[in-house]
Amino acid sequence: MTSTRREFVKQLGFVGIGFSLMGTACFGSEEKHYQAVNDDFSSPDRINGWLRVLEDGRVLILTGKIELGQGIRTAVTQVAAEELNTNPDLVEVNLAETGVTVNEGYTAGSRSIETSAMSIRNAAAAAREKLLRLASEEWGIPLKELRLEDGIISAGNRKITLYELLKGRQLNEDIGDSHAILGKTTRKYVGQPIPRKDISDMVNGSHEYVQDLRFSNMVHARIIRPDSYTSGLQSLDESGLEDLPGFLKLVRIGSFLGVIAEEEYQAIKISWEVNDRATWRGGKELPMGVPLKEHLKTLRVDTKTEEAEGDWETAIREAPIQHAAAYFKPYIMHAANGPSCAVAYFQKGELEVWTHSQGVYPLRETLANLLELPEGSIHVKGVPGSGCYGHNGADDVAAEAALLAVEYPERHVRLQWMRDEEHRWEPYGTAMIMELEAGLNRDGKIEGWKYELWSDGHSSRPNGRPETLLPARYLDRGYGVPGPGFRGGATRNSKPYYTLGSLHTRSHIFEGPVRRSALRALGAFANVFAIESFMDELAYKAGKDPVDFRIDHLDDVRAITCLQKVRNNSSGQRLKDREGMGYAFARYKNTASYFAVAAHVGVDEGGIVRVKKMWGVIDSGETINPDGLKNQTEGGMIQAASWALREEVKFDKEHITSRDWHTYPIFRFQEIPEVEVEVIDRVEEKPLGAGEAAQGPAAAAVINAIFNATGDRIRDLPVNPVEKYLR
Amino acid sequence: MPNYNLTVNGKAFTVEAAADTPLLWVLRDHLNLVGTKYGCGIGQCGSCTVHVDGEARRSCLTPVASVENVKIITIEGLSEDGSHPVQVAWKKADVPQCGYCQAGQIMTAVSFLKENPTPSNEEIRRAMQGNICRCAAYNRIEKAVAMASEKIT
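Residue numbers (the working numbering), protein chains in the order written: chain Y, 1 to 727; chain A, 1001 to 1153.
Honestly, the hints are just simulated from the structure, not real lab data. Think of the CB as a built atom: it goes at the ideal place given N, C-alpha and C, for glycine as much as any other residue. You may find that some hints are simply not true.
[What the hints assert, rightly or not] Covered stretches of chain A (in silico footprint by chain Y; criterion: 3 or more residues with CB under 8 Å from a CB of chain Y, positions within the stretch not fixed):
(1) 1001-1015
(2) 1053-1064
(3) 1068-1076
(4) 1087-1098
(5) 1122-1131
(6) 1145-1151
[To be verified] Ranges between beta-carbon positions, derived for each pair:
(7) Pro1117(A) - Pro193(Y): 26 to 32 Å
(8) Lys1114(A) - Glu294(Y): 30 to 36 Å
(9) Glu1115(A) - Thr561(Y): 42 to 48 Å
(10) Glu137(Y) - Glu1080(A): 36 to 42 Å
(11) Met1001(A) - Lys650(Y): 19 to 25 Å
(12) Asn569(Y) - Lys1114(A): 36 to 42 Å
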């Protein structure tokens, strides 16, 4: 490493900044790319945990979150730019990186705005106040005569950059609280549709994804997968592999098999050859012959009463209007467009990993346990990848790259999954069954409500446990399988946001046959789909308008406003034969964004459902970037419609058979509805997580519209399975 | 391994690769043009779309041996500075979320608009049917293609 580079990075205070400032990364293998140079680098209580002043006049923001296409980089830029009254072009962002950014856990649950952006807002407001006070003391000029703009403090003719004012040090003061927040008053950048800076790079082909990292001397790897989840390697003829073009190494640890080659396509071809030669034993355990939802009901469950308010049993039994229904949601997949990828580099006991994982610190801890290395010897840097919508193969591929790098040290090892690996080996969003019962009085008010759900756990994130990582189970070290995971994911939004006379909800958590982990909205997708379908059924039973029926059961004016607006925005549709309108509402997690949606669908003679248009109204409290919020919500609505109409993971006795875009079809252009989203900006309120708010309601609105169009109530997803097109 | 003479983004290159190597990997690994993305490798998703003599082509299914003496354009070669009308429209409509598929979307759109500079929305959708966007930024893509068509005509 040259002294110039070391000097350069020292000026920044640490060395982790690499990629964003250095352009397309192409480091020499011998370089060490990071080094924390002071101890309090990641204290969340101090200003410099979140914000650094750079010598060139820019400000560096450190977020512990990763960019997933949700626009967090732009949102944190906006809140910091606002508090520092500094042009967003002068704000640089360092995404999650161990030893550099604060440990913010996972980028998940639509929490990045509520947590990271708010911490950065406070840190930037504290920095502004501190910097102005410093200048005031140094110049002997009263605070009110000073102005901070674009990284410069001025008073009359006097000017000083923030860097000069700090004389090269960083603000390590406590953030404290009760700062004046310009984002609530001035709103020069916050609340504005500031375009994302990364979009220019995306349309030029120069945006850097983890898939695109290039290091000098980098090598490429591929994994050879067993026949099924539980099969083990029986035999492999390794003879002559070394003669294949580009061959560098075959890595074989227990039943974990990988190949390393000079070039990517060479690695692919060698992996095909190894795949042809490998034989596997065991592993024909996937349930076949019975419908999945029947099979799931036969599994052992862990049952818990989640909510119990009032005498629901009597209320239902004695109600003049009674209704019961059961709903099913199959396994669905994240299905990232770009297969999971990571780069790992191992040298002299130290490991570096570049990853699109949603949690760099938890991944580091888990890698330490898997590889039996001290955490301090592992550096994990978050780099944007293809949109993942939850916990996909990101951590798995990082662990695989790390295992290979340890076996093949001193060169960067890049591993990207193939399409069929991404489809067949990622952890899916679990299948769920929801059973509901309700009793209504003569006025159409719900007096009794009973809700039962059957689900696998929804999250199997690493959290230090090697067995959560796919390769761990093939190392023959007896890690076992991860168990059912995060129960809270299954019950998310299982309690309706409505005011009900009495209420009883129970969850039954099973351990299902296939891998699963967090997928956008977790259980809220299926729970809201079921609750909002059932609310629609009840409205018809009670002879009420479905929107009025919901409003009659809501006390929260923000919820009611969303529904009223969506009804207005979607009113006056001229419906043809076999066309209908459907509505739905939920407040994500019952604490985050409010979202109401209307759908206009048409059903053709063959029963194929086509969504023509969707209207959404979202209230996320204070809006940081209205265009970003709209973009996320539009995408969420269409993705949810695709889940509901098209998507279902399938398997036979041995394999996942959904292996590509033909066997797992998702919405393409000609199926896309028009979408219209209205944002309700409430400056006085807290900003609320929004990226998952649309999923459940959008699916239910489509289902309700189908009923409105045809009188057919669909309770099992997907609506348009592949077989329907073959009839 | 044989050598192949390629013309990519107006520049001549000689690359040494096995004859069956898909153009996608040659672009990414030999020429460091990583804007073209691997998505499926089997022509189902459109992420790897480039232009071969002006026509949109799936680079994952195009063997390097078949593209000597033709003009290959990748996303990096569409314009010097992101000023192609389709790129400009993309920025204006704030299209991408994660952006991974967007290079392929743009390359498909550019070649389509050359064939049909004044498309209807239905024609845009039909032309773009082969390009998947998992973030579902489809409506904005459609809008950007329509905006660009107005600029081109």
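Hints violated by the structure (listed by number, smallest first): 1, 2, 6, 8, 10, 11
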